Amino acid sequence: MMNLAWVVPLFPLGSFILLLLFGRRWKQRSAYVGIAAAFLSLLLALAVLVDRLGGSTYEANWTWMTIGGVTLTVGISATALNAWMLVVVALVSWLVHVYSQGYMAGDERFSTFYAYLGLFTFAMLGLVLSPNLLQAYIFWELVGLGSFLLIGFYFYKEEAKAAAKKAFIMTRIGDVGFFIGMMLLFWQTHSFDYDDIFRAVGDGTLSPGMTTLAVILIFIGAIGKSGQFPLHTWLPDAMEGPTPVSALIHAATMVAAGVYLVAALFPLYEASHAAMMTVATIGGVTAIFAATIGLVQTDIKRVLAYSTISQLGYMMLALGAGSYVAAIFHLTTHAFFKALLFLAAGSVIHAVRTQNIEEMGGLWRRLPWTAPLFLIGALSISGVPLFAGFFSKDEILTAAWTNGPRLLFWLAVAAALLTSFYMFRLFFLVFAGKARHHEDAHDAPASMVAPMLVLGVLSIASGYMQTPWFGSFLGEWLTDGAYRHEAAPGWIAVLATIVSFAGIFLAWLMYGAQKMPRDWLSARVPYVDELLRRHYYIDDIYRLTVVSLVSWISRLLTYVDRFLVEGLARLAAGIVGAAASAGSRGQNGQAQTYGAVTVAGLAILVVIFALTGGYWL
Amino acid sequence: MMFLSLLVFSPLLGIVLLMFVRKTDERMIQWLGTAATVPPLILALFAFIQSGRGFRLERLDEARDWVRLTDLPFLTDAAYVIRYELGIDGLSLVFIVLTAVLATLAALASMLVKTEKKGYFLWLLALEIGMLGVFSAANFVWFFLFLEVTLVAMFLLVGKWGGFERERAAYSYLLYNGLGSALLLVVIAVLLARTGTANFALLHEMLHNPAAEGQLIAPLTEEGRRWLLGGLLLAFAVKLPAVPFHRWIIRVHVEAPPPVVMLHAGVLLKIAAYGMIRFGVGLFPDEFRSFAGVLALFGVINVLYGALLALRQRELKRVLAYSSVSHMGVVLIGLGALNEAGIQGAVLQSVAHGLISALSFLLVGVLAHRMGTTDINRLGGLTKAMPLFSGYLLTAALALLGLPGLAGFVGEFTSFLGLFQTKPALAAVGALGLIFAAVYSLKAVLDITFGRPRDRREAVVSSREPQASAASLGEPQGGVVDLQGKEAVPAFILVALIVAVGVYPQLLAAPLTAVVKTMMNGLGG
Amino acid sequence: MTLSAYLALALILFCIGLYGALTKRNTVIVLICIELMLNAANINFVAFAKYGAHPSVHGHVFALFAIAVAAAEAAVGLAALIAFYRSRKTVQVDEANSLKH
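Protein chains in written order, with this note's numbering: chain A, 5 to 621; chain B, 3 to 527; chain C, 823 to 923.
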């Protein structure tokens, strides 16, 4: 079945094209087209995975363009990582397709929504099948397009417009890094193919300095896409999109593309210690940085957005610490529990028509399905034992302890504490406490609950692929058996457990039992509180530096253009005009003047001739 | 075989027939004018398909005696012969197909032109003859003659059917391009005087074959060749346009009727790219090396300068005009790279930008017709009223910013790929243009299509540049109606072409491969 | 040496003639100056015919031709001048500008 892997992305593409052409006629029935396409993709992706489980990598290439003697190709490559990602993406995408049928019901542009979902799914599936950097770049940008369209889905909202634009531009900044890095690698190795590049690293064609430069440039692309510090600011704003979109794109799949890219190029990164350190540092810093901001957000989706950034930081940290498996493992479990959390949040928003958590409360009874599912997600992300997040986070902490700098390990532990705190702050504020005027709030329809149930199961079960107790299936398969489980000090798991319970307890104290005043922090260190609420002023810093610099240069150039360039042109025209009027003044009807001019002209020609001998070219 | 003559001059039939149509019969004029652009389209596509199947394009060469200066007493054994010669290769063919396609689409889009339709179509067809001729000429003199035909036709089209400041725009078009042409004429004259021929192939032979050196009427020194190439590049730099010769293009983009801009931005600017490749790289490959660095530098300047200025414009046509400057910079970048990827990239970028700017200006025409303005400050939230139009406009913006899967990416990618081989640091600076491109195109298009619908009478005059506020602020003529069937057809065709080139660039790369290879042999690389 | 002397004389004559032809306002003087220039050329012809690299009779013949043509030219010129004087009552060169506009 692996030779059919290229068909997997085509189903959603077909759905995109069909819905674009006929969507308006089909209206609400469009959902079935989208769901069916996503389901077919999932089935085929599963078949590919099953095939790959027992086989080896399959690769196929087709000519895309020839440049002189070089042929650039596109193709598919079913490596273990790719096959795995294919299933994760197809699965989450399909669940979101199903969920959206309920969530988006009644929207005027219902079919457009499904069309865009199809486009995004196509791009994402194409990305994870890429055998070379060029194709990865192409789909990388298309994924950004899907994200852009879906963030701007409510086009009439100014915030959505700004958010869509920001998302595209911020990720483009990263993409340019990717672009440059890719080009540099091409001229060093004369190929975009991963295999050729890895070979070049192996046999030393690629100098260490160039490797470091190129992979760090490519990593900038990953920073942009995965919302890592300092290019993360678009991700919280991207929450302007419909919630299923946040679940699919800005939690489970697209933002993980950066992690995927680094993982796909892992042999290249491993060749450069500096690059690995960069990845680990950015990851660790992002993890703690975003978690602190998550503490004070009041928008339910933004809390989840910052938590996504923070979790992606974990994955980067894992990659930087050399644990490819831990990163992919956490990517997978995160995809499930974060998608679950977002879908549950969507269900909450659907019920109470607000996103502000301070206006919610006591929804536990009113949302009998959503609430427990949200709790599962929260427990999983907090790293409570027996849930999926516990295992994957434990894996990352182990990697950070054994390979990474100590500081990053402790940052990761602190981030874990904060994670469980803000997740349960969210949980208690929304579901516990006194019920507020949401008498009409009722739980979501079955089409929304069913996908959440599936994700709920996966949020627990997916952890058991890779545990210290039952064996590391995922790791052994991903690395073709080369995986060796790090003998982790037992205290790390204990520490992680303690930390996660501590966070939950603290949140319970403050928001559940209300034994501690909520303004405990803001009363003591108001400026820290303010700093967090303003997201460390990152947006303002950008506005005051980069944005104003560019606009200042642009303004300067406008004046240059209007006065200097135009002025020079006018000057040239003026000189010609002046010469013309001088000439026409010579045209005075006096034969003697003409005679004088003729003599002067003759003299000049004679001089030129005498000097050059007749040839001046 | 008269295939090429037939291809080039077939719009003449339309001109003749149009003469007999009454001025007031606008439907007939529109129909006939559009129909007249179809024969060259069919012939061009036929040639394209045949060459794809292995037909040798040299078999289409034509030659007739035209002017023969052999019997003059001061010429002993040499002869000045100027022949009527047409001939194409893969490079010309790509541009001919582009011309034929865009001419038909521009004729279709001309339905929004209402005044003096007969004269308009007469000149539009003349313009098409000129453009087809430029790309089919196998002879410098005829290249120049056809080039001048386009100059006159464009001048009249801008000057008579343009916006408020049309005459000023037409004159600045004429001045800049006239200067470029004059310079070109000098180069042609010197070459003709020294070699006795204007035929490209013969010239190439004479300039490069040491054995043929003796046949030169007068010697051409290394220094002289460099001057000739410099003149040639300068002439085409004005026509491209390269910063700082770009001011005319802004006026023409803003003032000319949108269907004419489709051809202007779509084809006429590409003549310069074509000329640089054909004559610059083709005739003076060795000397070209010494100019490559300068070209690349100017390319990067063009890219950044155009993009940064486009950021601040609040008039859609001006945004697009500066984006044209920026995109032409990519062509220069490709040429400056002077390797296979670079040259191919320059051609691909030319074609891609031709298609994309044609699409943009088709939509600009519709927008101006519906809303009576293209001032971004007065527009907003159009997606609600005109979803189809907005979709196309967004597609155009995405193509402009070089989204992979659309044509723009292929051109930019290939050109930059070339420059990254020879001058990686410069290329990296130029790549910043990709970010700015995203900013300006999204800013302009999202402000028009997204957000709240703006009352166009609010008249937010923020743009202080005088030309901007003057931009065709008429009454809306059609009311706010979405793209209609007749307008949607050319838009759809253009999008289909843009996607086709973007998804499978081999379509265009295939006919180019042989030409690029020949040129690289000339470069000795 | 002798040739240079003749040529120098011709040069001086020519320059005087040129100067006069370009600056004097009276048409009669301009005509006389033109005669001076013609005669400077005649001197050159004769000098080269006698002392040049290939002495021959051609130069003399040319000089005779020039003298004859100059006489005819002077006659036509003076006739035109008289006609002009009759219509405009002046012989100043700078007033002969009715074709200017």
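Take these hints with a grain of salt, some might be off.
To be verified - EDC-like mimics (lysine to aspartate or glutamate), calculated; alpha carbons at most 20 Å apart, straight line:
1. LYS386(B) to ASP543(A)
2. LYS445(B) to ASP543(A)
3. LYS386(B) to GLU112(A)
4. LYS386(B) to GLU362(A)
5. LYS445(B) to GLU362(A)
6. LYS519(A) to GLU362(A)
7. LYS25(B) to GLU169(B)
Don't read these hints as lab results, they were simulated from the structure. On a predicted model such as this, the values are computed, not experimentally measured, just so you know.
Right, here's what the structure says about each hint:
{"no.": "1", "hint": "LYS386(B) to ASP543(A)", "in the structure": "violated (31 Å)"}
{"no.": "2", "hint": "LYS445(B) to ASP543(A)", "in the structure": "holds (18 Å)"}
{"no.": "3", "hint": "LYS386(B) to GLU112(A)", "in the structure": "holds (11 Å)"}
{"no.": "4", "hint": "LYS386(B) to GLU362(A)", "in the structure": "violated (34 Å)"}
{"no.": "5", "hint": "LYS445(B) to GLU362(A)", "in the structure": "violated (34 Å)"}
{"no.": "6", "hint": "LYS519(A) to GLU362(A)", "in the structure": "holds (18 Å)"}
{"no.": "7", "hint": "LYS25(B) to GLU169(B)", "in the structure": "violated (23 Å)"}
Checked against the numbered hints listed earlier, the structure breaks hints 1, 4, 5, 7; every other hint is satisfied.
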